[in-house]
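Asker: The chain contents come next:
4 protein chains.
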Amino acid sequence: MPIESAQSFRASSAMLRLKFFTTGGTIDKVYFDAKSEFEVGSPQVLEVIREANVAFEYDIESILRKDSLDMTDADRALVRERVTAEPCSLIVITHGTDMMVQTGRALAGIPRKTIVLTGSMQPARFRVTDAGFNIGAAIGAVQSLEHGVYIVMNGRVFDPQRTRKNIEKNCFEEEV
Amino acid sequence: MPIESAQSFRASSAMLRLKFFTTGGTIDKVYFDAKSEFEVGSPQVLEVIREANVAFEYDIESILRKDSLDMTDADRALVRERVTAEPCSLIVITHGTDMMVQTGRALAGIPRKTIVLTGSMQPARFRVTDAGFNIGAAIGAVQSLEHGVYIVMNGRVFDPQRTRKNIEKNCFEEEV
Amino acid sequence: MPIESAQSFRASSAMLRLKFFTTGGTIDKVYFDAKSEFEVGSPQVLEVIREANVAFEYDIESILRKDSLDMTDADRALVRERVTAEPCSLIVITHGTDMMVQTGRALAGIPRKTIVLTGSMQPARFRVTDAGFNIGAAIGAVQSLEHGVYIVMNGRVFDPQRTRKNIEKNCFEEEV
Amino acid sequence: MPIESAQSFRASSAMLRLKFFTTGGTIDKVYFDAKSEFEVGSPQVLEVIREANVAFEYDIESILRKDSLDMTDADRALVRERVTAEPCSLIVITHGTDMMVQTGRALAGIPRKTIVLTGSMQPARFRVTDAGFNIGAAIGAVQSLEHGVYIVMNGRVFDPQRTRKNIEKNCFEEEV
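Residue numbers (my numbering), protein chains in the order written: chain F, 1 to 176; chain U, 1 to 176; chain Y, 1 to 176; chain C, 1 to 176.
Wrong hints could be hidden among the right ones.
Identical copies carry no separate label here, and so any pair may be met within one copy or between two of them.
Stated by the list, open to error - With a straight-line Cα cutoff of 25 Å, these simulated BS3-like cross-link-like pairs (lysine-lysine) come out:
#1 66 to 165
#2 35 to 66
#3 169 to 66
#4 35 to 169
#5 165 to 35
Since the hints were derived computationally from the structure, they do not count as laboratory data.
Sequences are here, hints too, so could you generate the full structure?
Answerer: Next comes the structure, spelled out in structure tokens:
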């Protein structure tokens, strides 16, 4: 069996290490009262994992701070480049939900890595938000799945090749 | 290969279904001002998964409402009985953190199920809490892991046979 | 002494009654993920006073749903008209902070009413927000002050005739 | 008219200064997971006024950390002593709600001060809490009322001599 498939449950004695890349999206939107503007701010995943008192080592790297609707093919190529060059094999990417499937598809075929994309419908700064839950789900999944690329949203693991965002239901779903 | 090991990533066309059992613990503690008392209340996992707008079917069943320090062998046997009888193969159990390892060990060997225990150090009702993140991590893990029993706390998947709660660090860790 | 000045502390045996008018502003901004837009939504003061379990009767009326920077003289005249016509003598107005002073000045001279304007720098929907505190401060002040028009922001009571918003400090202050 | 009664609305050119005394109560209850205990912790009023970005100078002094049901006559005498000795004339006291009326009555007759007692039914650390709103209401009231002692709870100003806590309704009310 190919080396890259033996990735389920690793209760290893080595310290668990995850790499986070952030690209922007609703999850990182903050309110700037002085500008009466609501914009992508600093990566919220850091706050979330600090409050969660996580038992793994991690590194967070911001690649972009964009609404995913504003992402270009060049942006997706940049994300692919950074992910490919990353030594760590367990990767979580926070991303806007509108174009998350597109970036997921652009990451197909990167060998020997488990890559999970997630984001949120409500900013992490809100009192009622799916951000913490979604980042948690992505983290639980990334250390449990076999190598490959996945979207984890709405508490479910999806294959980007067969997934879409259903805007009316505010939900991801499998394409039939 | 044994039937029960083929459980990694199921991007099935069938609807995903999870079963939640709740036993109490800090995650469900609420404040009763009239009594000046802080007690285990109704299961908070329901609130968490509603806010998360989950894309799976689920059923939540309350087995106990206890501080895990108050759980007895009879309680653990009851949990094992309910889990074994449950038709659904993906199970998340919310539980007090103090005795989570003990219950995890009491569930060893139940065939053809992926069972994840989680809880939280701060009640789900608090403004700053690990509850949503932990439930998310448990949900991401349970649909990704092979059959067996696991603890998912502090953003990490643990084997109950080789895990303990480190009280000073407020964290779960592998026993060396 | 004129009738309208005898308004301090009314521990009356009659039920306390307050009227709330809402005009929009940051306090009511909500996030519409489908539109990737952050707009003035439904009045948040209702949520705040429900959670506060208030011991007074109240009525909430939405006059506008605008960013205060978009308010016109016609809008301010409408607010004055509604306030003047209102039978209740204790009035709280939630309002955008940018032009709160202007509306305060436009309400000068309305007889036999205590009118307090407030709002917030962070939307009421955020996890960290000044909304609940500010609405509370406005409510505590409106039943304690003599008749007249006031701004209550940053935990302080201001006279709109001698107040400005300091944008750098994100704070209201007296004009010297 | 006595000097001490001319205390309504002070839009003074001098900086506004408030003194906070804390005595414990539900408002300051925090959860200690290591002890599975929910106890009075450090004063929460500091967090509340920091997040509110208040425009006044303040000093916070902890007198006690007790459930008000555990307060004795000696405790109330200590509170009266500290309040009397305090140079600042605007005082807010955070206190357990069960015995707030008793302490209010024990502070009767202290000259030349406006003293407001408040607290909350749900701890300040909870996601849904009346703490911020109540502290705001107390702050709005203390700078607006004439000298004397008051309870500000449930968004209303009460005279401690004629008030009680209605436990069923979780609410303060005037005694008829």
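Asker: Okay, which hints does this one fail, numbers in order?
Answerer: none
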